[in-house]
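S.K.: Sequence:
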Amino acid sequence: MGLLQGTGIDAKFREDWGYPQCRIEDGTITSWHADNARQRPTDAEIKTWRDNQDVYTSNEDVKSERRRNYPNIGDQLDDLYKAGAFSADMTAQIKKVKDDNPKA
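Under my numbering, the sequence shown is numbered contiguously, ending at residue 221.
The set of hints was computed from the structure by calculation and includes no laboratory data. For every residue, glycine included, the Cβ atom is placed at its ideal position computed from N, Cα and C. Keep in mind that a hint or two might mislead.
Here are the computed lysine-lysine pairs in the BS3-like style, where the Cα-Cα straight-line distance is at most 30 angstroms [unchecked claim]:
| no. | residue 1 | residue 2 |
| --- | --- | --- |
| 1 | Lys213 | Lys199 |
| 2 | Lys199 | Lys180 |
| 3 | Lys180 | Lys220 |
| 4 | Lys164 | Lys180 |
| 5 | Lys199 | Lys212 |
| 6 | Lys199 | Lys129 |
| 7 | Lys199 | Lys215 |
| 8 | Lys213 | Lys180 |
Distance windows between CB atoms, simulated [to be verified]:
| no. | residue 1 | residue 2 | range |
| --- | --- | --- | --- |
| 9 | Asn189 | Gly123 | 30 to 38 angstroms |
| 10 | Asp152 | Ile211 | 52 to 60 angstroms |
| 11 | Asp152 | Ala202 | 39 to 47 angstroms |
| 12 | Thr145 | Arg183 | 34 to 42 angstroms |
| 13 | Asp168 | Ala205 | 18 to 26 angstroms |
| 14 | Gln122 | Lys213 | 57 to 65 angstroms |
| 15 | Arg140 | Glu182 | 32 to 40 angstroms |
| 16 | Ala200 | Ala221 | 20 to 28 angstroms |
Turn these sequences into a full structure, and let the hints guide you.
M.R.: The following block contains the structure:
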């Protein structure tokens, strides 16, 4: 299995490496055009790039999961307001909005 195998990894590689004109077969660079903006990467550079992509993807998955599970931002802010965690100025601003727009 080549270093550049995986869903969409070859396209991401081409993008990150300056839209190189290269051929990737079975996850391995089989040709690299001399007009590419960058030199052909070494296997070590590709591995480092790939490892960084894996970390980035993993972190994005974690952030997405957190977004799905965090309470609504309005609920978070209302809880902070009720707990007295805001500055006096912010508390006054929020109180004015609440007073000007009372619930039924």
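S.K.: So, for every hint listed, does it hold in this structure?
M.R.: Quick rundown of the hints versus the structure:
| no. | hint | verdict |
| --- | --- | --- |
| 1 | Lys213 <-> Lys199 | holds (14 angstroms) |
| 2 | Lys199 <-> Lys180 | holds (27 angstroms) |
| 3 | Lys180 <-> Lys220 | violated (34 angstroms) |
| 4 | Lys164 <-> Lys180 | holds (24 angstroms) |
| 5 | Lys199 <-> Lys212 | holds (10 angstroms) |
| 6 | Lys199 <-> Lys129 | violated (46 angstroms) |
| 7 | Lys199 <-> Lys215 | holds (12 angstroms) |
| 8 | Lys213 <-> Lys180 | violated (34 angstroms) |
| 9 | Asn189 <-> Gly123: 30 to 38 angstroms | holds (35 angstroms) |
| 10 | Asp152 <-> Ile211: 52 to 60 angstroms | holds (59 angstroms) |
| 11 | Asp152 <-> Ala202: 39 to 47 angstroms | violated (58 angstroms) |
| 12 | Thr145 <-> Arg183: 34 to 42 angstroms | holds (36 angstroms) |
| 13 | Asp168 <-> Ala205: 18 to 26 angstroms | violated (49 angstroms) |
| 14 | Gln122 <-> Lys213: 57 to 65 angstroms | holds (58 angstroms) |
| 15 | Arg140 <-> Glu182: 32 to 40 angstroms | holds (36 angstroms) |
| 16 | Ala200 <-> Ala221: 20 to 28 angstroms | holds (25 angstroms) |
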